[in-house]
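Protein chains: 2
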Amino acid sequence: MSNLASPDVQPLRVALLGCGVVGTAVARLLTEHADDMAARVGRPLQVVGIAVRRAGKDRSETGVDPSLFTTDAEDLVTRADVVVEVIGGIEPARSLILRAFEHGASVVTANKALLAEDGPLLYQAAQEHDVDLYYEAAVAGAIPLLRPLRESLAGDDVRRVLGIVNGTTNYVLDKMDTTGAGFAEAVEQAQELGYAEADPTADVEGFDAAAKAAILASLAFHSRVSGKDVYREGITEVTAADVHAAREMDCVVKLLAICEVTDDPAEPGGRGISVRVHPAMIPRTHPLAGVREAFNAVFVEAESAGELMFYGRGAGGDPTASAVLGDVVAVARHKVVGGLGPGESTYADLPILPMGRAQTRYHISLDVADRPGVLAQVATAFAQHEVSIETVRQQLLSPDPATPEDGRASLVIVTHSAPDAALSATVDALAELPTVRAVTSVMRVEGE
Amino acid sequence: MSNLASPDVQPLRVALLGCGVVGTAVARLLTEHADDMAARVGRPLQVVGIAVRRAGKDRSETGVDPSLFTTDAEDLVTRADVVVEVIGGIEPARSLILRAFEHGASVVTANKALLAEDGPLLYQAAQEHDVDLYYEAAVAGAIPLLRPLRESLAGDDVRRVLGIVNGTTNYVLDKMDTTGAGFAEAVEQAQELGYAEADPTADVEGFDAAAKAAILASLAFHSRVSGKDVYREGITEVTAADVHAAREMDCVVKLLAICEVTDDPAEPGGRGISVRVHPAMIPRTHPLAGVREAFNAVFVEAESAGELMFYGRGAGGDPTASAVLGDVVAVARHKVVGGLGPGESTYADLPILPMGRAQTRYHISLDVADRPGVLAQVATAFAQHEVSIETVRQQLLSPDPATPEDGRASLVIVTHSAPDAALSATVDALAELPTVRAVTSVMRVEGE
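From first to last, the protein sequence lines are chains A and B. Residues in the first sequence are numbered consecutively from 1, following the UniProt record's numbering. Residues in the second sequence are numbered consecutively from 1, following the UniProt record's numbering.
For reference, chain A alone in the conformation it holds in the complex (with noise of 0.2 Å):
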């Protein structure tokens, strides 16, 4: 990576429209991981200015060098290779991501309203000018969706997507689903708790959640999709008799985003899509059912793939900011390589632990006679190997009929987490112990 660091290779530079709570991420994260951005483009990226809207505003939270922000916008995204867009809305976003591609630069931007409106656009402009667009953070935040659809999907048939693209009301259907409470009631404790802006209209009322259906649309079916092409109901309207009536048929109201092709005779060439947005019910074993509080999914259906799932945070600014410097990454090395291709690297070059230094959990299940000090004893060995025990319950068995004069008890032990070869190492010396009968169960414990 030397090379990367000597004063004759040009960084590669990075101009940022918007300095909110994405926008401080994003600038946030390019510091503090410059080195792997750069073994990862080929290149140093180096920011060259953020543009705000106004000027002497106090800044200092957000960590930036101030000598970075502008509000000359317009100057700024001439001085760059690669424009990353925060602002969101539809000007000046657009006239500054327009004035880029002239200039040569590629853009990433999270701007959903702006690409479902005038995405084929935006697009065409890129290809005219020979430059990336790229826009993961759009849809559904930190998780990878567009990318696959776009690119894994390329060879198969979409048929169907389902998703919960919306955060907010999905907190909402979720709380109102289990606690009872009634729509109103719901939204205050979302925006108690920042789920929910003060006002709540653009997610309530599926605006938000319609441009990102459009976007999905427009991806899985090669069609132009803008947003005013997608029927949208919000749920306001949704009742807790619904939510009620969802439960006494084993299902749970969700704020879907549907995009389908179906088969139409009524249309010349028998196909057509149907885009929309509405509170539906869905069965409570269906994968999108138990997508809790403010998180998103996406069910994508494919005729040769099947059914596939994605799930993540659909918001908030480090997940956006990682889906942005994703994208980032992508168009930076087109620039630099002349390929978007991954470019298998192993720059990192990390050294692979033996199993005995893996940081586990273990659940242990021992057979021991039932007498004063076997506690004790088991604990004993635990401690010797300096593991901790995190839970241990303790049963009485039958007796064995080969020795009924002895009680037998079980004890089941959950440790804290220590290295592996610890763990195997007190498992050994248990098994040695004369109260230990057997140890009948041994297996880690993982996913918490």
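Any given hint might turn out to be false.
Copies of the same chain look alike in the list, so a pair counts if it works inside one copy or between any two.
Dumping the calculated EDC-like pairs for lysine to aspartate or glutamate here, alpha-carbon to alpha-carbon at most 20 Å [as the list claims (entries may be wrong)]:
hint, residue 1, residue 2
1, Lys228, Asp349
2, Lys228, Asp118
3, Lys335, Asp130
4, Lys335, Glu102
The hints are simulated quantities; they were obtained by calculation from the structure and are not laboratory data.
We have chain A; now place chain B onto it with these hints.
Only chain B this time, still in chain A's reference frame:
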């Protein structure tokens, strides 16, 4: 698209190595989707040959043009722009892939064993010859996983990958959990249903999962990890008692592929990789716990993105072929347009149907008078709009205090699928019926 079919457009030559379940599906889909693939790539794809081990075998059930079969794979790879390797195993796959690179072909493979053993050698050879090596199908079949890991998360720091990447063992463990069966019995069931091979060693001993874990760890941590670096325990020693013990802990036993970056003070630099495959208990509330039967799912934790999950079919001819074809489009497109980018295309340009023509199902709750003939009236309203009813549930309600002399009942109706306009007109008609006191809830039903 007419220019794609014109005689002066040189098709891109595709060679297929292997014609088993996956190869046959790839060959069939390349033919069925020829127009779509041509639009996505920018040039038609032509299968120039399919290498098989033995000539003369009856392959009529594959539906492939018999003149394409050849036993001379060494010659075939020199005549192709894109080589698809679905033979599996180390040799002759490795030599053929290297030979393809030497002759300027890009390669798409599903060969996890080879990648786990010799990935770095192959990546380097591809780079030297300025061609692509793609292998989405090698891990978790149809699930787009490798592309998200190496591209979407390229600006993030992956901390942990926790995956169910072997369908056979998941099927066996799922059966042990749901039916209380022992290991041997569950394996037999899996074999009867085609989920396990006659010799299930590679699956149940964790070799298959270990190869996938090595590939995942390499990509996630930008380091060289081969199959032999992976600590491996299969599921052959998992007993019904272990599964029962897990259940008592509100856990489920899964065979997990685990790749973690851990802080290890014993390492110079303080960081190391732990890569392992072993059965483990995970809480039933964990998203991986709900992965049933032969499905695969991979849970990824990244610093900024947080928790992500990818879910789908991990094996099978068509799902694996979907992943292969996505890669074929990517490498073919790279050859045609010089970039691996998505190429925003709206070539399909399908019409967008109005909401009235969307096929949906309704759940309708009515508050009705409890009189003879009410259900007949309601059912007639549905029939008049050509909407068929799936279920009706009737329940007596306590009388309205305002009109205590009238009996009241609730009717809950779930329809079969019908055009939304017909359903919505039915609801309007129901509201007009004199015996319907109120339409108390109307909601669409999705996800079946």
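Consistency of the hints with the structure:
1. In this assembly of identical chains, the alpha carbons of lysine 228 and aspartate 349 lie at most 20 Å apart only when taken from different copies (16 Å versus 49 Å within one copy).
2. For the homomeric pair lysine 228 and aspartate 118, the shortest alpha-carbon distance inside one copy (11 Å) is at most 20 Å, but the shortest distance between copies (51 Å) is not.
3. Taking the shortest Cα distances, lysine 335 and aspartate 130 sit within 20 Å of each other both inside one copy (11 Å) and across copies (16 Å).
4. With identical chains, the CA atoms of lysine 335 and glutamate 102 are at most 20 Å apart within one copy only, with a shortest distance of 16 Å there and 26 Å across copies.
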